[in-house]
Amino acid sequence: MSKNLRKKFYLATILGLLLIAPLLLTGCSGSAFAASSWPGLTIDGSTLYVAYGTAIYAINVESGSELWRFPAEADRLLSFYAPPAVSDGGLVIVGGYNNAVYALDVDTGADSAWPAAFEGAQDRIIGSPLIAGDWVLVPSADGRLYAIDADSGEAVWDKPYQASEDPGPLWSSPIVTEGTIYLASLDHHVYAIDLSSGEEIWRTVDLGGAISDSPTLSDGLILVGTFSESLVAIDSEDGAVRWTFDTADWVWSSPVVFDGVAYFGDTSGIAYAVDVENGNELWQKSIDGVIGASPAVDENGVYFVTETGVVHAANPTTGGAIWPNDANLEGELLSDPVLYDGQLLIGAIAQECIVYAVDIDSGRAGCFFSPEGQ
Amino acid sequence: MWNSLILQPMANALLLIYQLLGTGPNTFGLAIIIFTILVRLITLPFTYQSMKSSMIMQELQGSKKWKKLQEKYKDDKQKLAEEQMKLYKEKGYNPFSGCLPTLLNLPIILGLYQAIIRTMAATPVQLLDLSKLIYPFTSSALIPLNSTFLYMNLGQPERLALPFLEGISFLQGGIPLLAIVVAVTTYFQSKLTTPPASADQQGSGMMQMMSIYMPLIMGYLAFSFSSGLALYLVVSNVLGIIQGFAVRKLRENAAAG
Chain A
8 MSKNLRKKFY LATILGLLLI APLLLTGCSG SAFAASSWPG LTIDGSTLYV AYGTAIYAIN
68 VESGSELWRF PAEADRLLSF YAPPAVSDGG LVIVGGYNNA VYALDVDTGA DSAWPAAFEG
128 AQDRIIGSPL IAGDWVLVPS ADGRLYAIDA DSGEAVWDKP YQASEDPGPL WSSPIVTEGT
188 IYLASLDHHV YAIDLSSGEE IWRTVDLGGA ISDSPTLSDG LILVGTFSES LVAIDSEDGA
248 VRWTFDTADW VWSSPVVFDG VAYFGDTSGI AYAVDVENGN ELWQKSIDGV IGASPAVDEN
308 GVYFVTETGV VHAANPTTGG AIWPNDANLE GELLSDPVLY DGQLLIGAIA QECIVYAVDI
368 DSGRAGCFFS PEGQ
Chain B
146 MWNSLILQPM ANALLLIYQL LGTGPNTFGL AIIIFTILVR LITLPFTYQS MKSSMIMQEL
206 QGSKKWKKLQ EKYKDDKQKL AEEQMKLYKE KGYNPFSGCL PTLLNLPIIL GLYQAIIRTM
266 AATPVQLLDL SKLIYPFTSS ALIPLNSTFL YMNLGQPERL ALPFLEGISF LQGGIPLLAI
326 VVAVTTYFQS KLTTPPASAD QQGSGMMQMM SIYMPLIMGY LAFSFSSGLA LYLVVSNVLG
386 IIQGFAVRKL RENAAAG
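Chains as they are written, first to last, in the working numbering: chain A, 8 to 381; chain B, 146 to 402.
It should be emphasised that the hints constitute simulated quantities derived from the structure, not laboratory data. Treat each hint with caution, since some may be false.
Computed footprint of chain B on chain A; a stretch qualifies when at least three of its residues, placed anywhere within it, have a C-beta under 8 Å from a C-beta of chain B [said to hold, decoys possible]:
#, segment
1, 216-224
2, 234-243
3, 255-266
For every residue, glycine included, the Cβ atom is placed at its ideal position computed from N, Cα and C.
Could you put together the complete structure from these sequences and hints?
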């Protein structure tokens, strides 16, 4: 072998190693390269906002056309997955995996509403920001909740919520009612917090497992799904556990309450309907794939999506299937579906089509939005 | 198959060690260290065989007999190869005995790293994946793991922030101390086991190149990926260096005895 050829051989081997090593180390599962989460969808008026990967997309929900995206040019250091929050003042608030919070103009997507992006958080923004009056509440994986002035982008207060030495990551959006914030943490606790000061009012006992999604408030009860394979109902006055409903596996997403019934699924693919008043099971059924999203519910149906791409419509009262066949979509469906004008808009972890539209009467599905130039 | 045979047992073993250590701050870092030591002990027979072969090769290439062969048959590559094979047989060296144990070791090392990354589950997709990996008897109360170790978040790339670096723009995030340690220890480990350069040996030449580039590759991985990987690489390299010295000592003793 000539010296030149040998050099080329060495170089090819080394380059090959460079390319292969990260793939091998991450098990080719894409831990390093694939999406870290799933699309976050928010609908406001006739605009659908989608946070996915390197951009926030504003899409006309009637035509499916892209209105704007932020940033206009993809920046590999920026990624977004938390559903954006839209304020009455015309701002789209988004949190990124670069720990920053941006206020975008609702019409143009320009990042000019605040003098600078809020960069006070020490870890990723995984949960959606919540608009509470003049403030924006932003949970961070650093375990702190940040209250930010919506006009200036400056912090009003920020506090860690922790039951032990280290605060657990906050991955879900809080809810607010009558001046009280309810916040679920991966540290197994739910916290009630005074909105004006950020002071903790109460916290629950250790619920035995992490809580990855937001609490749901219904008639004085706070419902949370936990990794301890249960749905737990908590008294919103004092944080006492009122009842616990055992499931087959982790409950990743928030339950949706409709007419006094909580609908939710677990990671073994079982969908449940539970009476909110007493925690009794009304029905359960098995669907193919992990259920990681809250269902969409209306008076005619409960619409579950699964990681294997299945969309299933169930009768809210009996749990029986509504469509002759489930819809099967490309990609993993882990985003909460959004109901709009007789359609389900469903985010997908996929290379091309990242939002599907499914007709809720027939179950017919089609691609709603594929970002161009990605 | 990969998940059920390698990844799942390793991830659950790691979680078990974490649980036994008490699940507080620093615990996951300690669990990684202990788990790496245990895995290196389990794979010791393979590693020993590989290191031994490598050292025999080093000794061979340093011997007068080898050099004479090189000189004698410098214009006849085929004859040289034949004579070298004879010498291998004479010294009890099998050219594949260094490579095979390394190959057997590779899936275990890869599984170990994947187990660390998967159990740390720093993103929603990773955490949801973890729900499929953990055995029914492994307590889900352990999740999420406390990823604090010393000054590091094991789920994030490591940077040591120092006050006097604040004025230096490209070091404002801090020094990638572990990445540097990974590169240095990888270099020393490969130096211990790499045969010296030999102009007519393609394999040996490649090994030399690898001993230069491998530290850079590993350092870059430690720089870019979560510090849990960097911690694992440091521990693994340090154990490799200790093993290398021990094997060398054993061979020296054997030669002297």
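Here is what the structure says about each hint:
1. 216-224: That given contact holds, which follows from 3 residues of the segment 216-224 of chain A lying within Cβ reach (below 8 Å) of chain B.
2. 234-243: With 3 residues closer than 8 Å to chain B, the segment 234-243 of chain A meets the three-residue bar; holds.
3. 255-266: n = 3 at 8 Å, threshold three: holds.
In terms of the numbered hints stated before, the structure departs from none.
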